Amino acid sequence: MRDPDLDRILSKEEEILPSSGFAASVMEAVQREAAAPPPIPFPWKRAMPGLCVAGLTLVSLITASIVLIIQGMPGQSIPRQWLTASASFVAASRNFGVAWILAALLLSFASVKLAMHLAANRMSGYQRI
Amino acid sequence: MSAREDQADVEKVLAGEIGAFENIVRRWQNPLVNLAYRFCRDRGRAEEMAQEAFLRAYRSLDRWRREAAFSTWLYALATNLYCSELRRIPARMVALDDVTEPRDPRAIDGGLEQEDQDRAVRRAVHALPAKYREAVTLFYFHDMDIAEASRSLSLPEGTVKARLSRARALLRSRLSQHFVAPLLRKEA
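Protein chains in written order, with our numbering: chain A, 1 to 129; chain B, 1 to 188.
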């Protein structure tokens, strides 16, 4: 089979006409979309302090772990202030239950994201009807 | 003319005059429904997909950058939607091997009638892997213009050319047995 044969056949595709109510049904969906309240944005401003604390805690924990690993290695010396600061930070984190706060924040973020995703899917489903 | 009308209507919609979007729908409903139909070969589904494309266009009108023509932006948006819709829920597929089954018993000792040949080619295109099918569909929809097809697919022209070439090779190999006899007869 040659390319010109393919071109000839595929170029003369049948055309279909949209049904008479198509434009009206699109406009109905558009009007519904315009009337719907805007999606609730994620409350970044409120979540930001918590996220910052969580981020800092995570970084500190990683730093503390690295310090402890290096401390265990022979022939390595770590500045005393570092060790004291890391140890006190880990203790304070434990007292405040930072791990739980971090887990709760992550869980809240995930559940809000999931709810928004489900709501968006449902909205587009309604619009298609 | 149409480009200026599109721009004027978009400005109106963005200014809050939602009714102006109907002009855009009326101007573009035919190409968008036909493009969807070429992807799915189902009239009802083509209209559903075109409606969704218009809704997406409405939602993201403010993201249309004026340096590209409105039609280019709209086709790219619609193509993207149609491709992902068909990857999510594929159209009724025909196995590539079934394509070569002659529908008309006369084909066994001769060839297919013109209509059957055309149908066989379209079924073969429909049975191509998605990335080749998309390239072929867009290329012929845009009157064999590779630049337009590549803009709609948001792919480099070279990639579209390569996909077209591979798609043609696949079609040639699958359909050769149908076309050898009639072509020989025509040339004789």
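These are calculated hints, taken from the structure and not from any lab test.
Some hints here could point you the wrong way.
Result set (EDC-like, lysine to aspartate or glutamate): computed pairs, CA atoms no more than 16 Å apart in a straight line [unchecked claim]:
1) B:K161 to B:E148
2) B:K161 to A:D7
3) B:K161 to B:D145
4) A:K12 to B:D116
5) A:K12 to B:D145
6) B:K131 to B:D62
7) B:K131 to B:E157
8) B:K161 to A:E28
9) B:K12 to B:D62
10) A:K12 to B:E85
11) B:K161 to B:D143
12) A:K12 to B:E22
13) B:K131 to B:D116
14) A:K12 to B:E17
Computed from a prediction, not measured in an experiment: that's the story for all the values here.
query: Would the pair B:K161 and B:E148 pass a check requiring their Cα atoms to be no farther apart than 16 Å?
result: holds, 12 Å
query: Taken at face value, is the distance from the CA of B:D145 to the CA of A:K12 at most 16 Å?
result: holds, 15 Å
field: Hint consistency between B:K161 and B:D145 [alpha-carbon to alpha-carbon, up to 16 Å]
entry: The hint holds at about 11 Å.
query: Between B:K131 and B:D116, does the CA-CA distance stay at or below 16 Å?
result: This hinted pair is violated, its Cα atoms lying about 25 Å apart.
- prompt: Hey, B:K161 versus A:E28, does the alpha-carbon distance stay inside 16 Å?
  reply: violated, 40 Å
task: Take a quick look at whether A:K12 and B:D116 sit within 16 Å of each other, Cα to Cα.
output: holds, 14 Å
- prompt: Taking 16 Å as the top limit, are the C-alpha atoms of B:K131 and B:E157 close enough?
  reply: The hint holds at about 14 Å.
message: For a C-alpha distance cap of 16 Å, please report whether B:K161 and B:D143 respect it.
response: holds, 15 Å
- request: Mind checking the alpha carbons of B:K12 and B:D62 for me, to see if they're no more than 16 Å apart?
  value: Within the cut-off at roughly 12 Å; holds.
- request: Would you mind confirming whether the straight-line C-alpha gap from A:K12 to B:E22 stays at or under 16 Å?
  value: violated, 29 Å
query: Is the hinted pair B:K131 and B:D62 satisfied, with a Cα-Cα distance of at most 16 Å?
result: violated, 29 Å
message: A:K12 and B:E17 were given as a pair; does the straight-line alpha-carbon distance stay at or below 16 Å?
response: It is violated: about 39 Å lies between the C-alpha atoms, which goes past 16 Å.
Of the hints listed earlier, those the structure fails to meet are numbers 6, 8, 10, 12, 13 and 14, in rising order.
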